[in-house]
Amino acid sequence: MARQLETLFPDAVQITEVDNFEPLNRRLMRKIEQIRAEVPNGRPEAWVSTVYTTLNSADELHKLPEFSELNEIIMRESASFADSLMINHHDYPLRVSACWLNIYGPMDGQEIHLHSNNMISGSYYVKTPPGCSGLMFHSMRADQMLEPPLTAINKLNGTISELAVREGMMVLFQSSMKHSVRPSPTAEERISISFNLSM
153 MARQLETLFP DAVQITEVDN FEPLNRRLMR KIEQIRAEVP NGRPEAWVST VYTTLNSADE
213 LHKLPEFSEL NEIIMRESAS FADSLMINHH DYPLRVSACW LNIYGPMDGQ EIHLHSNNMI
273 SGSYYVKTPP GCSGLMFHSM RADQMLEPPL TAINKLNGTI SELAVREGMM VLFQSSMKHS
333 VRPSPTAEER ISISFNLSM
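When we follow my numbering, the leftmost residue of the sequence shown carries the number 153, and every step to the right adds one.
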């Protein structure tokens, strides 16, 4: 009897450890502090958390001179991710459609969501205190099927996976992937820069 197990339609996540990220993060932090002092919280009304975000108040951070180096990394890594997914970004160039700041304080989190009308989404991590929340990914199957009794959770049956994040890490994923951030258990702030790309 022959038996073969295939995995179909996998969800891809690209993780990049940016070289020599410390000077970049120091420069970003100086601008981030200025943004926080000058730009009002753009948190959507539907969000439960009190996280500081510029999502609705300043979502073109990639156009600022202080973000030019990060923008170059975003474009380079997004091109690599697109190549892996066989997305024709040569004839149909990728462009950053939005880029915003997120500062998570104690017990701040983010509900499950996806980024509609985009191709690739991602986050770059500027500050990640020890024990801070990671990035949670949620299977599209999670709310569509009955949960069977399981003897253990693995990559074939799990519907939630938390990716631990570190300073200098960039995470890219297809915008249709549901994701969230669990409430931050740390007293220190967790700071990320999120972005979307379209064509």
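Note that these hints are calculated values from the structure, not bench results. Values in this document were obtained by computation on a predicted structure and should not be read as measured data. All C-beta atoms, glycine included, are put in the ideal place defined by N, C-alpha and C. Among these hints, one or two may not hold up.
Stated by the list, open to error - Pairwise CB distance ranges, derived in the manner of DEER restraints:
#1 E218 to A304: 42 to 52 Å
#2 V191 to P300: 26 to 36 Å
#3 L157 to G257: 14 to 24 Å
#4 K215 to L308: 40 to 50 Å
#5 G257 to E221: 24 to 34 Å
#6 H242 to E212: 23 to 33 Å
#7 D243 to F161: 32 to 42 Å
#8 L308 to A189: 28 to 38 Å
#9 S209 to E158: 24 to 34 Å
To be verified - Here are the simulated lysine to any residue pairs, SDA-like style, with alpha carbons at most 25 Å apart:
#10 K279 to I225
#11 K330 to A198
#12 K279 to T159
#13 K307 to S249
#14 K279 to D295
#15 K330 to A189
#16 K183 to G194
#17 K215 to V191
#18 K330 to E263
#19 K330 to E218
#20 K330 to N193
#21 K279 to E218
#22 K330 to P162
#23 K279 to P162
#24 K330 to E185
#25 K330 to L207
#26 K330 to K183
#27 K279 to R195
#28 K279 to V170
#29 K183 to G257
#30 K183 to M227
#31 K330 to V200
#32 K330 to D163
#33 K330 to N270
#34 K330 to T159
#35 K307 to G283
#36 K307 to D295
#37 K215 to I187
#38 K279 to S249
#39 K307 to D163
#40 K330 to R195
These are the hints, each one checked on the structure:
1. Here the CB-CB span from E218 to A304 is close to 47 Å, well matched to the stated 42 to 52 Å.
2. Range check, V191 to P300: about 47 Å between beta-carbon atoms, so the 26 to 36 Å window is missed.
3. At roughly 44 Å, the beta-carbon separation of L157 and G257 lies outside the given 14 to 24 Å, and the hint is violated.
4. In this structure, K215 and L308 meet the distance hint of 40 to 50 Å, their C-beta atoms being roughly 43 Å apart.
5. At about 27 Å, the CB distance of G257 to E221 agrees with the hint of 24 to 34 Å.
6. The hint said 23 to 33 Å for the Cβ distance between H242 and E212, and at roughly 25 Å that hint holds.
7. Range check, D243 to F161: Cβ separation about 25 Å, and the 32 to 42 Å hint is violated.
8. Look at L308 against A189: about 48 Å separates their beta carbons, and that is not inside 28 to 38 Å.
9. Range check, S209 to E158: Cβ separation about 46 Å, and the 24 to 34 Å hint is violated.
10. Between K279 and I225, the direct Cα distance comes to roughly 17 Å. Compliance with the 25 Å bound is thereby established for this hinted pair.
11. Only pairs whose Cα atoms come within 25 Å are accepted, and K330 paired with A198 is accepted, the gap being roughly 17 Å.
12. Straight-line distance between C-alpha atoms of K279 and T159 comes to about 35 Å, which puts the hinted pair past the 25 Å bound.
13. The suggested pairing of K307 with S249 is violated, with an alpha-carbon distance near 32 Å, which exceeds 25 Å.
14. Using a Cα cut-off of 25 Å, the hinted pair K279 and D295 is violated, with the two alpha carbons roughly 32 Å apart.
15. At most 25 Å may separate the alpha-carbon atoms for a hinted pair to count; K330 and A189 exceed this at roughly 31 Å.
16. Pair hint K183 plus G194 holds up; C-alpha atoms about 17 Å apart against a cutoff of 25 Å.
17. Proposed proximity of K215 and V191 is supported: the alpha carbons are some 16 Å apart, at most 25 Å.
18. The straight-line distance between the Cα atoms of K330 and E263 is roughly 10 Å, inside the 25 Å bound, and the hint therefore holds.
19. With a C-alpha separation of about 30 Å, the suggested pairing of K330 with E218 is violated against the 25 Å cut-off.
20. Of the supplied pair hints, the one linking K330 and N193 holds, its CA atoms being roughly 24 Å apart against a limit of 25 Å.
21. Between K279 and E218 the alpha-carbon distance is near 17 Å, which keeps this suggested pair within the 25 Å criterion.
22. Distance restraint check for K330 and P162: the Cα-Cα separation of roughly 14 Å lies within the 25 Å cut-off, and the hinted pair is therefore satisfied.
23. With a CA separation close to 30 Å, the supplied pair K279 and P162 exceeds the 25 Å bound.
24. Note on K330 and E185: the hinted pairing is violated, with a Cα-Cα distance of about 29 Å set against a maximum of 25 Å.
25. Restraint check for K330 and L207: the C-alpha separation of about 18 Å stays at or below 25 Å, so the hint holds.
26. Between K330 and K183 the CA atoms are separated by roughly 30 Å; this puts the pair beyond 25 Å, and the hint is violated.
27. Between K279 and R195 the alpha-carbon distance is near 20 Å, which keeps this suggested pair within the 25 Å criterion.
28. Of the pairs offered as hints, the one joining K279 and V170 holds, with about 14 Å between alpha carbons and a cut-off of 25 Å not exceeded.
29. Straight-line distance between C-alpha atoms of K183 and G257 comes to about 18 Å, which keeps the hinted pair within the 25 Å bound.
30. Between K183 and M227 the CA atoms are separated by roughly 21 Å; this keeps the pair inside 25 Å, and the hint holds.
31. Distance hint between K330 and V200 is fulfilled; the C-alpha atoms sit about 17 Å from each other, no more than 25 Å.
32. Distance hint between K330 and D163 is fulfilled; the C-alpha atoms sit about 11 Å from each other, no more than 25 Å.
33. Our distance criterion of 25 Å between C-alpha atoms is met by K330 and N270, whose separation comes to about 13 Å.
34. At most 25 Å may separate the alpha-carbon atoms for a hinted pair to count; K330 and T159 meet this at roughly 20 Å.
35. The suggested pairing of K307 with G283 holds, with an alpha-carbon distance near 23 Å, which does not exceed 25 Å.
36. With a C-alpha separation of about 17 Å, the suggested pairing of K307 with D295 holds against the 25 Å cut-off.
37. Simply put, K215 and I187 have alpha-carbon atoms about 14 Å apart, close enough for the 25 Å limit, and the pair holds.
38. Pair hint K279 plus S249 holds up; C-alpha atoms about 24 Å apart against a cutoff of 25 Å.
39. Pair hint K307 plus D163 holds up; C-alpha atoms about 11 Å apart against a cutoff of 25 Å.
40. Pair hint K330 plus R195 holds up; C-alpha atoms about 19 Å apart against a cutoff of 25 Å.
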